[in-house]
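Could you fit the two chains together into a complex? Lean on the hints.
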Amino acid sequence: MTDTDVPLQPRKKGLTRRQKRSLSRGAQYVVFVAAVIAFAVSADWGRLKNQFAQADIAEQMFPDVITLALKNTVLYTLSGFVVGLVLGLVIALMRLSSVGPYRWFAGVYIEIFRGLPALLIFIFIGVAVPLAFPGTEIIGGTYGKVALALGLVAAAYMAETIRAGIQAVPKGQLEAARSLGFSPARAMVSIIIPQAFRIILPPLTNELVLLFKDSSLVLFLGVTLEERELSKYGRDLASTTANSTPILVAGLCYLLVTIPLGFVVRRMEAKAQEAVK
Amino acid sequence: MSRPEIQVQGLHKSFGDNEVLRGIDLEIGHGEVVCVIGPSGSGKSTLLRCVNLLEEPTKGRVFVGGTELTDPDVDIDAVRRRIGMVFQQFNLFPHLSVTENLTLPQRRVLGRGKAEAAKVAAENLERVGLAEKADAYPSSLSGGQQQRVAIARSLSMGPEVMLFDEPTSALDPELVGDVLAVMRRLAQEGMTMMVVTHEMTFAREVADRVVFMDAGAIVEDGSPAQVIGNPAHERTRHFLSRLLDPAMAEVEEHDNAP
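Residue numbers (the working numbering), protein chains in the order written: chain A, 1 to 277; chain B, 1001 to 1258.
Pulled out of the complex, with its shape left as it was, chain B reads as follows (with noise of 0.2 angstroms):
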């Protein structure tokens, strides 16, 4: 592994009095496929958003690629361009079709012609196999198809990392399978991904690392077999189980403090 595609040093980010990252270090390897997992209020989804700078950092720098986020002047667009994001509640836009969903972004952010635009969103909805839906709008669509389009826009703009934001918390259960299927496919083709997820069988079976974050700071991390077959510490073990068996799950005071 040369350089990291995604390095982040001594990351920082407080909403107002609430310090919701204490200090994030993280790199993630070419290739790598790493899942995020921690209880909801762990800082996880704040971290990702970090690393597109969708949320400003309080402190510390985020690397993609090489190239400062957080250097004042970088171009953040032209990094964004370089950066897939999938969110939890899809935002494909309403107001066109599935194609042009696909295509508008490349023309007005590429600058890419018709045919080309057209040709490559024609590819990418066949690699989500959605190919069918291409001149029907987002509001027909299941939550699992318009999931399953909102990655095809994202790959349609040729990114180098691809960040996952709880990509299948928003869906029925029974539509959580195709876009698992479709993320699956995008890891063995070698695709850089940063998945925040409550997914387990996924992490355990597609991730090449887990990192289990809590109170926004990174417990554990390593494998999936030693972090969610064998953990370390007692907080993973904890919300483990009540994520594996929530039925068993003992009432308790909520308190975040580590």
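For reference, chain A alone in the conformation it holds in the complex (with noise of 0.2 angstroms):
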């Protein structure tokens, strides 16, 4: 009760736990601000304006760089996603099967597409197939073209994407379907799908990301003028004005659509993550 019979335990000498913590923190803070600064004082701004930040040229390439890159690159994409999507439920659907040699092949398909970096799936598209096939044209030109060869990469990855939503959907979802008389493809189209979409409609959504970038890829199977997107179009006007304003100008087309849709991402996940409460 008294000081006198409980010992206090002698307080150590030096810094407290919670002193120590904030003197850490404000290293850290100091740190930080030091290394922004020293950067910022080192670039060469001056020559970086020159570069990079032209505003005639920046001017001169209004409305091209919306009206036809953007657009390219928003049509790449969408098709690509589109072909991915119907290829990637495809593929989840035989990961899933109960055929072996379905599960199999899913596999393989998975691991190979995945694992590969999708420019080399766009230089194969652009030369083996011609090769393998000659006379056969692969509808759409280069549209058809882009929209396979993206597609081919997105499918892996959604692939194993839907599986998992699929999975997710508790297994009396599907006993109570089957148990309605639901044949197995008619609950996996009314009452699974439906469900795993939901469940994995930010990740899908962060893969339209993933394939709104990867669209630049397309310089490698030889477009036309009409035919070129953000990033050929962008690096076309820099050589030719010989300066990289147009680089940057492309870059924050980019930017324009990927950060809405990752500010949508995000909103979606954290209504997900209300339902679940």
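Hints were generated in silico from the structure; no laboratory data involved.
None of the values given here were measured: they were computed from a predicted structure.
Be a bit skeptical, because a hint or two may be false.
Straight-line alpha carbon distances no greater than 20 angstroms define the calculated SDA-like cross-link-like pairs of lysine to any residue that follow [unchecked claim]: (1) K271/A x Y1137/B; (2) K213/A x L120/A; (3) K171/A x F1015/B; (4) K271/A x P1094/B; (5) K171/A x I1076/B; (6) K71/A x G140/A; (7) K171/A x S1045/B; (8) K213/A x K271/A; (9) K171/A x L1054/B; (10) K171/A x P1094/B; (11) K1133/B x G1177/B; (12) K171/A x D1077/B; (13) K271/A x S1097/B; (14) K213/A x V74/A; (15) K1133/B x V1120/B; (16) K1059/B x Q1088/B; (17) K71/A x L219/A; (18) K171/A x Q1088/B; (19) K271/A x P1138/B; (20) K213/A x V83/A; (21) K271/A x L1096/B; (22) K171/A x L1096/B; (23) K1119/B x S1140/B; (24) K171/A x E1056/B; (25) K271/A x S1140/B; (26) K213/A x L78/A; (27) K171/A x E1055/B; (28) K171/A x H1095/B; (29) K213/A x V265/A; (30) K1114/B x S190/A; (31) K171/A x S1169/B; (32) K171/A x L1048/B; (33) K171/A x P1138/B; (34) K171/A x L1053/B; (35) K171/A x A1170/B; (36) K171/A x M94/A; (37) K271/A x A1170/B.
Shown next, in the form of structure tokens:
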């Protein structure tokens, strides 16, 4: 009770834990701010501005950078996404199939297309397919090729995402559907897949962002002036003007789409988190 | 009583080395209400799930309405349309509204038109006393309401037999009554029902027969007065005393061997 019979722990010399913690945090701030300042001071902003931020060059890019380049980028991305989604769904269902060869094929597909750089797939589609099937044209010309190349890559990732989504739907849902007389296929289409897609909407949107960036690989297929997308368009213009401003503008155009998409994903994730509670 | 509505012959079911059902013979007549009771792990839920082939029997035969479900060439989806099933965890479709939960199976499975499906759904929601929840989503309903919707969903398919797998076990005690009231009404209307339950009052008052299972076998089968009121077997008495007065039970070693 009193300070005579309960020996107080002798106060250790030096700092308490709380003091140590705030000291260490303060040190982190100082290092971080110093690094930012050092970077800002040591960079040659004048030269950077000359090379990357010429207002007149940026001005002459409009409206083509939007009406042609960004439009093509979006078009390539969306067509690749649709192909990837359909193919990914098929692969995911094969992966979950009770038929051994289907599972095996899906597994090999996923490993190959997830393990290869997207760039190689584009080169393969551009070179190997015309060689292997002379005389046949991929439907849609460049657009078809891009949709196929992006779709093949995206399908591997999406298949795994979709499979996880399907497996995340509680087992009782399938049992309820089957006991109502749904066939396995009908239960999958009407009951399981709609719920799976609700679960995987955020990761699928992330995949869309990744595809958006991968669409820049189109330049390895060799495209006409009309088929150029943001990266190719920016690079071409950068070499004709001998200035990198177009690269910066093209980059900003990507962010124009990816940042809102990222925002949407975070909103969806927050909502999904809420729904769980 | 003509031919039995449900007929189970020599049913065995094993999960790996674990033999859950060791030779079950059971007949349930048309319009009969049979409650299956027994300790957890006795195989009563597995038996129920074998009756609509959610579990594949290891051995034995199951008939419902004269059709053999265990026949490898049976159209199982067609038979299941005649068997309603109510789960412990309700298993409503969370992405659909209450009405859609009732109409989608009718339309996809029975091929009913939109208007007819909606009419049948409304009738059955009325029947379970939830007409005002037609547009709600399952997540906004209480457990008892969800279970009544699940019953209405099964009834909308026009089943000849209803299976209930511990329908009130996941409910808060004060919500149990509404679900049991719906089931009692169904029994009075003459539905053939097989109910796995721990609700002894329901079994005593509503069931035509009570089946006591233990360790994968039927130990006792008779009227409620006989099985619950005056059990012939020590195991039944033991189970009932622990169920009816759990506070008085002694700590004991559990061994499931018969």
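Exercise. Does the structure break any of the earlier hints, and which numbers would those be?
Worked result: 8, 16, 23, 37
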